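K.L.:
Residue-level listing of the chains:
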Amino acid sequence: MDIILQQLVNGLSLGSVYGLIAIGYTMVYGIIGMINFAHGDVYMVSAYITAVAIALLSFFGIESFPVIIFGTLIFTIFVTGVYGWVIERVAYRPLRGSSRLSILISAIGMSLILQNYVQLSQGAKQQGVPTLLSGAIRFDIGDGFVQITYMKLFILVASFVGMAVLTYIIQKTKLGRMCRATQQDPKMASILGIDTDKIISTVFVIGATMAALAGVLVTLDYGGFDFYVGFIIGIKAFTAAVLGGIGSLPGAMLGGIILGLSEALFAGLISSDYKDVFSFSLLVVILIFRPSGLLGKPEVEKV
Amino acid sequence: MSNAVVKKTLVSLAIAGAMTAAQADVVIGVAGPHTGAYAAFGAQLWNGASAAAKAINDAGGIDGEMIKLVKADDACEPKQAVSVANRLVDSDEAVAVVGHFCSSSSIPASNIYEEAGVLQVTPASTNPGYTDRGLPNVFRVCGRDDQQGDVAASYIVDELGATRVAVIHDKDTYGKGLADAMKSTLNAYGVKEVLYEGLTRGEKDFNALVTKIRSVDADVVYFGGLHSEAGPLVRQMREQGLTAKFISGDGIVSDEFVSVAGSADYVDGVLMTFGADPTSYAAGKAVVKKFRDSGVEPEGYVMYSYAAMQVVAEALKNADLDPVKASDWLHANKVETVMGTKAFDEKGDLLVSDYVMYEWDKQGKYSMLGM
Numbered sequence: 001m002d003i004i005l006q007q008l009v010n011g012l013s014l015g016s017v018y019g020l021i022a023i024g025y026t027m028v029y030g031i032i033g034m035i036n037f038a039h040g041d042v043y044m045v046s047a048y049i050t051a052v053a054i055a056l057l058s059f060f061g062i063e064s065f066p067v068i069i070f071g072t073l074i075f076t077i078f079v080t081g082v083y084g085w086v087i088e089r090v091a092y093r094p095l096r097g098s099s100r101l102s103i104l105i106s107a108i109g110m111s112l113i114l115q116n117y118v119q120l121s122q123g124a125k126q127q128g129v130p131t132l133l134s135g136a137i138r139f140d141i142g143d144g145f146v147q148i149t150y151m152k153l154f155i156l157v158a159s160f161v162g163m164a165v166l167t168y169i170i171q172k173t174k175l176g177r178m179c180r181a182t183q184q185d186p187k188m189a190s191i192l193g194i195d196t197d198k199i200i201s202t203v204f205v206i207g208a209t210m211a212a213l214a215g216v217l218v219t220l221d222y223g224g225f226d227f228y229v230g231f232i233i234g235i236k237a238f239t240a241a242v243l244g245g246i247g248s249l250p251g252a253m254l255g256g257i258i259l260g261l262s263e264a265l266f267a268g269l270i271s272s273d274y275k276d277v278f279s280f281s282l283l284v285v286i287l288i289f290r291p292s293g294l295l296g297k298p299e300v301e302k303v
Numbered sequence: 001m002s003n004a005v006v007k008k009t010l011v012s013l014a015i016a017g018a019m020t021a022a023q024a025d026v027v028i029g030v031a032g033p034h035t036g037a038y039a040a041f042g043a044q045l046w047n048g049a050s051a052a053a054k055a056i057n058d059a060g061g062i063d064g065e066m067i068k069l070v071k072a073d074d075a076c077e078p079k080q081a082v083s084v085a086n087r088l089v090d091s092d093e094a095v096a097v098v099g100h101f102c103s104s105s106s107i108p109a110s111n112i113y114e115e116a117g118v119l120q121v122t123p124a125s126t127n128p129g130y131t132d133r134g135l136p137n138v139f140r141v142c143g144r145d146d147q148q149g150d151v152a153a154s155y156i157v158d159e160l161g162a163t164r165v166a167v168i169h170d171k172d173t174y175g176k177g178l179a180d181a182m183k184s185t186l187n188a189y190g191v192k193e194v195l196y197e198g199l200t201r202g203e204k205d206f207n208a209l210v211t212k213i214r215s216v217d218a219d220v221v222y223f224g225g226l227h228s229e230a231g232p233l234v235r236q237m238r239e240q241g242l243t244a245k246f247i248s249g250d251g252i253v254s255d256e257f258v259s260v261a262g263s264a265d266y267v268d269g270v271l272m273t274f275g276a277d278p279t280s281y282a283a284g285k286a287v288v289k290k291f292r293d294s295g296v297e298p299e300g301y302v303m304y305s306y307a308a309m310q311v312v313a314e315a316l317k318n319a320d321l322d323p324v325k326a327s328d329w330l331h332a333n334k335v336e337t338v339m340g341t342k343a344f345d346e347k348g349d350l351l352v353s354d355y356v357m358y359e360w361d362k363q364g365k366y367s368m369l370g371m
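Each protein sequence line maps, in turn, to chains A and B.
Last residue of the first sequence: 303 in UniProt numbering, with the numbers rising by one and none dropped.
Last residue of the second sequence: 371 in UniProt numbering, with the numbers rising by one and none dropped.
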């Protein structure tokens, strides 16, 4: 019993991270109908920026955890946001209006550029940040226990807060309205006075900031990172976005949680050798019965 | 005859003379990555082999013949290894080779050497496939990946007295090979593992697996793989309150193990098998001192290459410089080297592997156990 509950906790915290990164895929797809394959690498870059931020803060003699984490979050989110903006400017805007294939290639190229640029400038070796927050809350259940580390709890809370803020922005603010209008019909939106280029840039920046949030949290939690960490987690997050229905914000989070839970439960109860086989088979099955994902709406041909 | 022609003839005569003189020497190839990403290892090979060759030549050479070394650069690429092996055999007429460094180079090159009857002694290739194919001419002065597993298994059973062992690997050739080797020795001791599973390379979250290790109540976790996965794994074990011993192989022998784990606290007490410090042998003290006096630190594979060259020279000396006979001789006789006495089995592996147990400490450093 305690083991199953523990696996649920493991899956939930893993899934919330997938969900955060999935937001970047889902929002960019929603607005320009393409997959930003460089998104996983934006996450990877944010891991390095996290380390820089911590080093800077400790250089100034700051040691309290809340100050470090919020300082790191603000710094990393800002710098990663700039990355998101530059990537859109360099790799996507010049190709606006070209075929989907060229944009796709440009995205993959951007991903390779980021990976190689970080590898060349930072070295291929594993890097790490020190543990800032340790300890866990533990509940006794029968003979065993279920526990969640403070860091994992922080991840859960931070990702749900991040999601809530983002949902509020998209649903209730003027900026959100402009985003949704651009998503629905870019041409009409632009005729009605919305600067669609600016909105698309904003969406890339929002996606990058969510990846940065995940990057800070995960880097602080696991300690280690290298130039390649964005690849696997990027693919998982992309899967989560498709699973939940690409283009849908709550879908990204739901997809992330489902993917995280299914991985943890399958690895924990059956075998971790085949957990990825299981997760991706699950994706195929869901897409067969719901081609647009769990919360996705089927694309309606615009007239 | 014009002057130019005379000159040319004289020059070619001189070259021919030099070549005859060279052929009287014993030509030995030093094959390894002298350029490319692994060039540092090639330099180690060259430092060790050339110092040994110089010492042997100063002591009168092999039966009066001087050793002449030829550098052969394979850049750790199998294709290039085959082509330099062909060159060593055909144009350099080498009788023996010290090298190559990477198993992926040593293995294809060994076929060329076998056809030509050239003796090959590698200082560094640990893949079992190098000797398992039964070639008569291949030897190594380092351990095998599966000997490493044996050392770990006997430590787990004899020293730790563990009965509940979880075996984890990274599904990769090296990691799974090592874990399987450990597992089969463990089973031969009568201990059945309580868990045998693979994790995915490149992932960082192994919490689900750790919870599973917790549920089978393991007292030892053996991991076959590299530090990039071992770091997060051991950290997440400690975070979930698992105090089980963590044991791995030479895939984690890197300072990066500490940085990926996040802090030295997490690696405290981690055990690993790794070749005994090559500078710690009594037989090699003088050579180590000589290296340090000349400003070369005998790190990594320097001493291994020195020993490999000694093995080659000793075998050739006892076989009238015939490399085929030298191979036969090596299968049956021991050689004294700077890394102690080396004896080989019928496949060319060391009879006694030099793997020993190391332990990581709170400072994030590792040291040999019992030293």
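Just so you know, these hints were derived from the structure itself, not from any lab.
Don't take each hint at face value.
Which bits of chain B does chain A cover? Going by a derived footprint, with three or more residues having C-beta under 8 Å, they are [as the list claims (entries may be wrong)]:
| no. | region |
| --- | --- |
| 1 | 45-54 |
| 2 | 194-204 |
| 3 | 224-232 |
| 4 | 335-341 |
In this text, all values refer to a predicted model and were calculated from it rather than measured experimentally.
We treat Cβ as the ideally placed atom computed from N, Cα and C, and that holds for glycine.
K.L.:
Indicate, hint by hint, whether the structure satisfies it.
P.N.:
Against the structure, the hints:
1. 45-54: This one is violated; 0 residues, fewer than the three required, reach chain A with a Cβ under 8 Å.
2. 194-204: n = 7 at 8 Å, threshold three: holds.
3. 224-232: Holds: 4 residues of the region 224-232 of chain B have a Cβ under 8 Å from chain A.
4. 335-341: violated (count 0)
The structure does not agree with the numbered hints 1, 4 stated previously, though it agrees with the rest.
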